[in-house]
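Asks: Sequence lines, in order, name chains A and B.
Residue 91 in the numbering used here sits at position 91 of the first sequence, with consecutive numbering throughout.
In the numbering used here, each number is its position in the second sequence, counted from 1, plus 113.
Calculated from the structure, these hints are not laboratory results.
Straight-line alpha carbon distances no greater than 30 Å define the calculated BS3-like cross-link-like pairs of lysine-lysine that follow:
#: 1; chain 1: A; residue 1: Lys41; chain 2: B; residue 2: Lys211
#: 2; chain 1: A; residue 1: Lys55; chain 2: B; residue 2: Lys116
#: 3; chain 1: A; residue 1: Lys41; chain 2: B; residue 2: Lys130
#: 4; chain 1: B; residue 1: Lys211; chain 2: A; residue 2: Lys20
#: 5; chain 1: A; residue 1: Lys64; chain 2: B; residue 2: Lys211
#: 6; chain 1: A; residue 1: Lys66; chain 2: A; residue 2: Lys41
Incomplete in silico selection of chain B near chain A, CB under 7 Å:
#: 7; residue: Arg155
#: 8; residue: Gly156
#: 9; residue: Pro157
#: 10; residue: Phe159
#: 11; residue: Lys211
#: 12; residue: Leu212
#: 13; residue: Phe214
#: 14; residue: Thr216
#: 15; residue: Gly217
Think of the CB as a built atom: it goes at the ideal place given N, C-alpha and C, for glycine as much as any other residue.
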Amino acid sequence: GAVVSQHPSWVICKSGTSVKIECRSLDFQATTMFWYRQFPKQSLMLMATSNEGSKATYEQGVEKDKFLINHASLTLSTLTVTSAHPEDSSFYICSASLGDEQFFGPGTRLTVL
Amino acid sequence: SQKIEQNSEALNIQEGKTATLTCNYTNYSPAYLQWYRQDPGRGPVFLLLIRENEKEKRKERLKVTFDTTLKQSLFHITASQPADSATYLCAPRSSGDKLTFGTGTRLAVRP
Chain A
1 GAVVSQHPSW VICKSGTSVK IECRSLDFQA TTMFWYRQFP KQSLMLMATS NEGSKATYEQ
61 GVEKDKFLIN HASLTLSTLT VTSAHPEDSS FYICSASLGD EQFFGPGTRL TVL
Chain B
114 SQKIEQNSEA LNIQEGKTAT LTCNYTNYSP AYLQWYRQDP GRGPVFLLLI RENEKEKRKE
174 RLKVTFDTTL KQSLFHITAS QPADSATYLC APRSSGDKLT FGTGTRLAVR P
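Start from the sequences, fold in the hints, and give me the full structure.
Replies: Structure (structure tokens):
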């Protein structure tokens with residue numbers, strides 16, 4: 001199956017700093033990638049849809065100025081959490097579509113102190 | 114509004130038995146439905162996709178059914194093993210739509 005990687009797998013940062021998370025499709029090109037957030041014991045919630053070469057589409061309630069998404073190439077999308085606060089601590093997961101199937105990265109655990 | 118319901122209670126079964134997980138959806142007309150497995154602290158892993166014109170699909174010990182009249186999908190794991198213990202997520206989807214997940218059902222297979 002198709003492989004999606006994320007980096008880093010975990011990150012701890014101080015409140016007020018920015019954190020960048022990378023998502024790569026390793027063996028296929030993805031014009032569309034997705035960013036999800038998952039809180040403990042909850043399901044994945046879609047944050048935004050990232051389209052290569054254009055602006056991301058954000059879900060209702062997700063601040064686009066806080067969660068900056070860049071999809072500069074067909075294999076790389078980045079999510080930057082700006083001025084992170086403890087309430088942003090969560091598990092962030094990206095995914096990429098290949099046909100009708102959607103493949104997920106291993107996730108990034110963000111802890112904001 | 115669109116809603117996806119999975120058993121919120123954990124499913125505990127004995128090794129070797131068949132596990133059956135349920136996914137019900139409302140206000141949806143999905144063209145297909147996907148099932149994923151998620152282990153703690155990991156991203157979901159794709160298992161099976163079944164289309165609206167398919168009643169049933171199998172892959173090794175897994176079987177999925179899709180009833181568009183009942184608006185329900187059943188996910189079966191036969192000859193279950195402790196290694197099958199995980200959370201299973203269903204995601205009905207219309208073509209071109211974003212992928213939205215149910216809350217997931219946690220399966221625990223005891224030896």
